[in-house]
Amino acid sequence: MTTTSAVSTLEQILARYEPVIGLEVHGQLLTRSKMFCGCSADYIGSPPNSNTCPVCLGLPGVLPVINRVAVEYTVRTALALNCEIPEHSKFDRKNYFYPDLPKGYQISQWDMPLSLNGHLSFTVDGEEVRCGITRVHLEEDTGTLQHAGDILQQARSSVVDLNRAGVPLMEIVGEPDLRSSEQAREYLVRLRQILVYIGVNDGNLEQGSFRCDANISLRRPGETELGVKVEVKNMNSFRAVQRALDFEIVRQGRLLDQGQTIAQETRGWVEAKGATISQRSKEYAHDYRYFPEPDLPPLQLGVDFVERVRAGLPELPQQLIERLQRDHGLSPYDAAIISAEREDARAFEELVASGVPAKAAANWLMGEVARLSRESHTPVQRSGLGVAGLAALVKLVEGGSINGSTAKELLEELYLPGGDPAAVVRDRGLGQVSDQGELERLVDAVIAENPAAVADFRGGKEQALQRLVGGVMKATRGRADARAVTGLLRDRLSG
Amino acid sequence: MTPRTVAELGASLRRGETSPAELAAASRGALESLAPLHPVLRYTDELTERQAARAARTLAEAPETAGPLCGIPFAYKDVLCVEGVETTAGSRILQGYVPPYTGTAVGRLLDAGAVPVAVTNCDEFAMGSSNENSAFGPVGNPWDPSRVPGGSSGGSAAVVAAGAVPFSLGTDTGGSIRQPASFCGVAGFKPTYGRVSRYGLIAFASSLDQIGPFARSVDDVARVFTAMAGHDPRDSTSSPTEVEPVDEQLERGVAGLRLGVPHEYMTEGLEPGVRTAVESALALLEKLGATLEEVSLPSTPAALSTYYIIAPAECSANLARMDGVRFGFHVDRPSLTDSYLETRGQGFGPEVKRRVMLGTYALSSGYYDAYYRKAQKVRTLIAEEFDRAFEKVDALVCPTSPIVAFPKGERSDPLSMYLCDVLTLPVNLAGLPGISVPCGLSEGLPVGLQVIGPRFQDARVLRVAHAYQGATAWHEAPPPPAPGAGSPTS
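Chains as they are written, first to last, in the working numbering: chain A, 10 to 504; chain B, 347 to 836.
Take these hints with a grain of salt, some might be off.
[Said to hold, decoys possible] Below, simulated DSS-like cross-link-like pairs (lysine-lysine); rule was C-alpha separation at most 30 Å, straight line: (1) B:Lys720 / A:Lys99; (2) A:Lys404 / A:Lys368; (3) B:Lys699 / B:Lys723; (4) B:Lys723 / A:Lys99; (5) B:Lys738 / A:Lys99.
[To be verified] Just some of the chain A residues that point at chain B, by a computed CB distance under 8 Å: (6) Pro69; (7) Val74; (8) Arg77; (9) Lys99; (10) Gly113; (11) Tyr114; (12) Arg298; (13) Pro307; (14) Gln309; (15) Gly311; (16) Asp313; (17) Phe314.
Calculated from the structure, these hints are not laboratory results. A virtual CB, placed ideally from N, CA and C, is assigned to each residue, including glycine.
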């Protein structure tokens, strides 16, 4: 028998138990208007309660009208996740009281969702994972609350903002097919990527347009029955999801080791404490009293509609990764990195289309451009330089007009303000010194000035050559063609 | 003196004998004199003035564009939202609520130039059959102020019966237009579900509610219905199909029509006077050329319990928004839960609470299948039985209510009150059009004849009722002058 301890580590617990994880993701849809009224779905930044109308305020007497684009986006998502689209679907009322829910019920979908039975496949550490998608359904978002105090129940006062109320919200319910926090994280990364690719969601976890709740339980390896599950909420980043799940694995494992039972409950992740805390136990679970929404007729999606959406489905990340390898000869690794963000992949394709060799385009995007993009929070598309400017710059390097280090300096300088790289090179005389005669003269001078380095190199110290190359670069303020200089030096010194 | 109809008032306006403002003022005067009956909750003064001026302009400047309702005063039930006019659904919980928008049905009447004068009293959230559930006090029946006018649209029925306005609007969820029409001796029409937009109607039971008119003549009912009917993009349950023109059908009479008499509607505890009046009406229709045929609607006895699961279930959700946070009545308590409990506890009356609790129970986990799902199945059965009946007959004719107006306070237990609607609520469950027209008196009180048609055959229902009125004068009989009831408009 394994020795158990109240202080077992994650690794020790994982050796004794198998985590079973299922994720529920809520994604706001990038429609122009809200789910059931004409108010803008882009609510962020509006003064409180200004982005509202009688319908999303839930005033007496109003009625909802279905946003067709939201239905289309949900079906698009469902198809991207390999779901079936039943012919008949309907909306239901989910009843509960909360000040951010103006009607006292949320219009959602209960037993006849827009889609069912999909899956998402991906690899983690070389292992293929296939996670079932139970359903993708459509509902409306709630308003937001701000409390003077931590939570509603303890607040001295709370204010309600209904700008977000009624924004189309898609719920993607995953099967409990995930077996580690890494798999959970990767599932979310892949799912987010797909939603952003197909243009239905902006994938912003911090602002909550992409939100995740997790259900997690433990069981002994080989057991087929599921353990008591705990729902974890309030995770605002991929990292938080992974940390919260690892925390739960340890917490539940230690309780089970001590022979205790797990309470079925909802727990919230508290980032500052690095822990989950109990929010609501099963006895206080809601009875949502779902029933068919009488204000909306049942939905009947024709085969034509579904096929039209399927035909319009944009290229998915996995398809793009394969195409980048096939058409542009990228390595699987490079293809995966370039396609992680749709914008990067688009920039890559634009660079290649404008004549930049694929490998060079990939290297620039994954290297210097990625760094500048991250540091300035500005992707190259929205930078002053733009993709066209980047292409011009890379072509200057590839054509031998400037060398790599000049290009990096120029990129950094022009990235945000923008500018024509060729003009800057011309105006400042940054053009690469590649004239054979000029280079020979410079090389000879450096050899003459550095007898020690010359001796070292001839004595077999390969690094000494770099000192000599550096001397030439210094003399040209970095503009010399480093490769040509290296060749010349070798010729001279071995001659 | 016979109160004047929409048609007569319209002709007067066109001849320049009177003005919209004058008619509105006369209506207002007549309504004020009805104060002891308490059918009016508030007057729409500012809007009245604005609409009267608008109608006057239309009549003066573009009379050819003026429809039959232009300049005609009317009253509407306190569940219809009109921008700038307090709307409370007869409930304390909505006191002080002024909607920032106008619902479609009233909006279309305003566009047609009709002039609202008053908001009428009703049962709280349209829940009741006697108007005794109004948070602002009961309404008296113009035929006998000690009796109820029926409900829930009791105020709207009473003001037309008393001749104070030529027409009014009510809503009908289980009989709330037809039953008070029957009790007050006027015509009251519930259109096919989906024919008139519900946008702006404070919902009681969304799958059953319909807005409809009260008037003396079916002619006038048809005019008001025509002005309101038709698809509304704001109401997804409103039908996109064309409205069949009523005018073309109205005068066709009943000769050759097959009229069904539902066996189950003639046996269920009808008061003798009601039976006699309805049987003479059926005989008259036969004399006018219709053939009568007995039909059976065997699920009728299940309709009441079906209705009292579905309607409360829907209302339990519809009324959840009345939380005191954003509008209406609010009781301030230190905790949110206590504020909810106190606001709703003090804001809702006993009948509303009863139905919210019934509905909440019927939808609860573990009871849904036994109640709500089963009720939906029975509802389908009831609708199918009507469909089968309409394969054999063109319309159904029967009593509107098994009884006449009863004394206030007589029906204090809820079940006896619910039984008032046994002959009307199956029509809502099936979504059919139905009208009640006066067809005689029983012990001095009006009796209503109900005509029911297939879905979207609203015009046919109006045609049968109009043919009946063409051969009778019951609809022209005003109530006897009651003390304090005032005189009708002249």
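(request) Verify the interface restraint on Val74 (chain A): the C-beta must sit less than 8 Å from at least one C-beta of chain B. (result) Given a least distance of 6 Å, the restraint on Val74 (chain A) holds.
(request) For the hint on Pro307 (chain A), just tell me whether its beta-carbon gets within less than 8 Å of chain B. (result) Because about 11 Å separates Pro307 (chain A) from the closest Cβ in chain B, which is outside the 8 Å limit, the hint is violated.
(message) So if I understand the rule, the pair passes when the alpha-carbon distance is 30 Å or less; does Lys723 (chain B) with Lys99 (chain A) pass?
(response) holds, 17 Å
(message) Holds or violated: Lys699 (chain B) and Lys723 (chain B), Cα atoms, limit 30 Å.
(response) Given pair Lys699 (chain B), Lys723 (chain B) holds - Cα atoms ~26 Å apart, limit 30 Å.
(request) Using 8 Å as the Cβ threshold, decide whether Gly113 (chain A) counts as touching chain B. (result) holds, 2 Å
(message) Take the shortest C-beta to C-beta distance between Pro69 (chain A) and chain B; is it under 8 Å?
(response) With a minimum Cβ separation of about 4 Å from chain B (threshold 8 Å), the hint on Pro69 (chain A) holds.
(message) Tyr114 (chain A) was flagged as interface toward chain B. Is the shortest Cβ-Cβ separation under 8 Å?
(response) Where the cut-off is 8 Å and the nearest Cβ of chain B is about 5 Å from Tyr114 (chain A), the hint holds.
(message) Less than 8 Å between beta-carbons is the criterion; does Phe314 (chain A) satisfy it with respect to chain B?
(response) violated, 17 Å
(request) Report holds or violated for the interface hint on Arg77 (chain A), using the least CB-CB distance to chain B and a cut-off of 8 Å. (result) Because about 12 Å separates Arg77 (chain A) from the closest Cβ in chain B, which is outside the 8 Å limit, the hint is violated.
(request) With a cut-off of 8 Å on the beta carbons, see whether Gly311 (chain A) makes it to chain B. (result) violated, 16 Å
(request) Would you check the hint for Lys738 (chain B) and Lys99 (chain A), treating anything up to 30 Å between C-alpha atoms as holding? (result) Violated, at roughly 34 Å.
(message) Min Cβ distance, Gln309 (chain A) to chain B: is it shorter than 8 Å?
(response) violated, 13 Å
Checked against the numbered hints given earlier, this structure breaks hints 5, 8, 9, 13, 14, 15, 16 and 17; the rest are met.
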